[in-house]
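Trainee: Read off the chains here:
Number of protein chains: 2
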Amino acid sequence: MASRTNGGSSNGPVDKGADFANYFCTYAFLYHQKEMLSDRVRMDAYYNAVFQNKHHFQGKAVLDVGTGSGILAIWSAQAGARKVYAVEATKMSEHARTLVQANNLQDIVEVIEGSMEEVVLPEKVDVIISEWMGYFLLRESMFDSVICARDRWLKPSGVMYPSHARMWVGPIRSGLVDQKKNDYEAAMDDWYGFLEDTKDYYGVDMSVLTRPFSNEQEKYYLQTSLWNNLHPNQVIGTAAVIKEIDCLTASVNDILEVKSSFSSAISMAPTRLCGFAGWFDVHFRGRGEDPAQKEIELTTAPSSNNGTHWGQQIFMLHPPVHVDEEINLDVSFSMNRSKENHRLMEVEFDVKISKPSGKILPPINKKFYIE
Amino acid sequence: MASRTNGGSSNGPVDKGADFANYFCTYAFLYHQKEMLSDRVRMDAYYNAVFQNKHHFQGKAVLDVGTGSGILAIWSAQAGARKVYAVEATKMSEHARTLVQANNLQDIVEVIEGSMEEVVLPEKVDVIISEWMGYFLLRESMFDSVICARDRWLKPSGVMYPSHARMWVGPIRSGLVDQKKNDYEAAMDDWYGFLEDTKDYYGVDMSVLTRPFSNEQEKYYLQTSLWNNLHPNQVIGTAAVIKEIDCLTASVNDILEVKSSFSSAISMAPTRLCGFAGWFDVHFRGRGEDPAQKEIELTTAPSSNNGTHWGQQIFMLHPPVHVDEEINLDVSFSMNRSKENHRLMEVEFDVKISKPSGKILPPINKKFYIE
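Chains as they are written, first to last, in the UniProt record's numbering: chain A, 1 to 371; chain B, 1 to 371.
One or more hints might be untrue.
[What the hints assert, rightly or not] In silico negatives: residues of chain B with every beta carbon more than 10 Å from chain A:
1. P156
2. E185
3. D197
4. H231
5. E297
6. L361
[As the list claims (entries may be wrong)] 20 Å max Cα-Cα, derived EDC-like pairs, lysine to aspartate or glutamate:
7. A:K34 - B:D144
8. B:K339 - A:D19
9. A:K34 - B:D205
10. A:K34 - B:E216
11. A:K34 - B:E218
12. B:K16 - A:E340
13. A:K91 - B:D183
14. A:K16 - B:E216
15. B:K199 - A:D44
16. B:K219 - B:D183
17. A:K155 - A:E123
18. B:K16 - A:D15
These are calculated hints, taken from the structure and not from any lab test. Think of the CB as a built atom: it goes at the ideal place given N, C-alpha and C, for glycine as much as any other residue.
Just chain A, with the same shape it has in the complex (with noise of 0.2 Å):
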């Protein structure tokens, strides 16, 4: 035998060690905190949402979920606050205490290596601020724990950064289709040389595993979302809002499963509808009665010149469906956390397609996961 390991699906409910494993340890490199930092779209919303807003900041206390390196708890400080506690679970906590210090702010940021879930502080807060955005927004399941955070520790007067947030859905166009669709049938050619060889050389009979093998190909290949930064112009119909989330009141009940009905018109004919992207936005509004001075919005849209870390999500329809002249989109769209892991997702699509004549064509039904 001989494999590299790899991050996989555990068992059951939420083992905290598969857990630890699989999801934080990324968290504990530098190099990866580094990409985070270098993603100047998300750096100068937070940043604009602090220092355009310091009368949230000046003279409060401050919770920083999941603080990585430390910035946006320095950022907090340096906009006034009188306390910052900066919970990270990884040892990534370490560095953060060192860079706070280096900064000379380690009266005001108190660094907390634990879970969110399991640390005790000493007051109660005035504003939470974290960065926990995951792919498509939900991916990693990280709002979860400022959920807790927030329904634990934040005054009732309390202040949310970010505010709100919204999750999008857009037809789209994408070489990406028939790339996928080359490599999965080059795994398959592969796969019939392989049981030949396997039967002429070594004398077992393999092709029993042919489904199986192009299931698992086809899983990886077809049915697992892309990462991919698109230019706005492969978006070739109207994007939806399927969710909007108030990060003050929102439950993770509210957050387990996100499900939507929408339609798009695909007006840019001849082209080709190769599937859906998926991305988000948040805003940093401040509250009701304690609104924000200057209103933020960072997005992960489709950019030709703001693309983030977080690019879009691409579901890939197989076979593309040409489009000759105007059509409507009817979309029924569901996302549900893996049994398997809860921080990935399991997305599915039913599209309906209708021609100006009236004509609909047969309904097309694809499920994704989201890794």
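Fit chain B to the supplied structure of chain A, relying on the hints for placement.
Mentor: Relative to chain A, chain B alone:
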């Protein structure tokens, strides 16, 4: 945030959930089984070991530890075994069962899903067959499970397949040493640009993290052993056996640590000593009083046309040593299991270089990680 799940380290002693997540999941993919089943050196060795030594299998009870797709169990049955117990910890067991049925061997081969440490068999066995070897033999620490199987289930007269294993180390030259050095330097250049940007745009001085970042990158690019299939002419001096294992008698204690001192003459000047390669071989010899009719060897040594999926593990010397005349190396080698993950290894080399004049160069000490 946004991270792909990624194998990594757990805390403290073996956490079974984390271990399963980190380790076994890879073996649950047919794609990975196919990679191993396509390794002709591996397949030929086991095939010949079984079918050229049918006397060990005819009418006998056999245990296959970690059967994967079931190939060794099927061969054992085809060679005449009365009963084969095929133990597999992952869901691959289901495919193995399907394959056994498709080859009409379900009356002989019993596939058992479970960990070898916990499985209970109805009888003791005459043969234990297993393909347990990881990179540089011991990575994965799977031989522990074979030892456990042997001590619990092998008859006193039983035979191990394979029966013996050896680890080798030899001095090498390789362009990888330059490539990885460049990668490391590019990562550091990038870091210094990042520091400037973060200070200029976001008011935070991160230079205090330069040392830990460089340590992290050094570990990744320079101190982590590399997979490679070397050409024999890249081995520039005599290779040495650093460990011999008798699979019938070795205990876990015997393989927890590998320590060896050896000498190697480099006669191929001018050249560069770029580091060392580690590989292994195993032999199928039966047992003293019940020997193989035909001894078979499986070697993963550098070879011009018989590369394996194991390849060799490369431990690089940065900077490489220019060799202008014949030199002699006195090497102390040690390998231990990583504290964070008992399936990964930490390696240390102490190298003394003597010139023909008798002059001795300053000693070199390097640590490496087999990830």
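Trainee: For every hint, state whether the structure bears it out.
Mentor: Hint check:
1. P156: 28 Å, holds
2. E185: 15 Å, holds
3. D197: 8 Å, violated
4. H231: 20 Å, holds
5. E297: 18 Å, holds
6. L361: 34 Å, holds
7. A:K34 - B:D144: Between K34 (chain A) and D144 (chain B) the Cα gap is close to 39 Å, so the pair fails against 20 Å, i.e. violated.
8. B:K339 - A:D19: 19 Å, holds
9. A:K34 - B:D205: Answer holds: K34 (chain A) to D205 (chain B) is near 13 Å, not above 20 Å.
10. A:K34 - B:E216: 12 Å, holds
11. A:K34 - B:E218: Holds: K34 (chain A) and E218 (chain B) sit about 16 Å apart, inside 20 Å.
12. B:K16 - A:E340: The given pair, whose Cα atoms are some 16 Å apart, holds under the 20 Å limit.
13. A:K91 - B:D183: Given pair K91 (chain A), D183 (chain B) is violated - Cα atoms ~25 Å apart, limit 20 Å.
14. A:K16 - B:E216: 26 Å, violated
15. B:K199 - A:D44: 13 Å, holds
16. B:K219 - B:D183: 12 Å, holds
17. A:K155 - A:E123: 9 Å, holds
18. B:K16 - A:D15: Holds: K16 (chain B) and D15 (chain A) sit about 9 Å apart, inside 20 Å.
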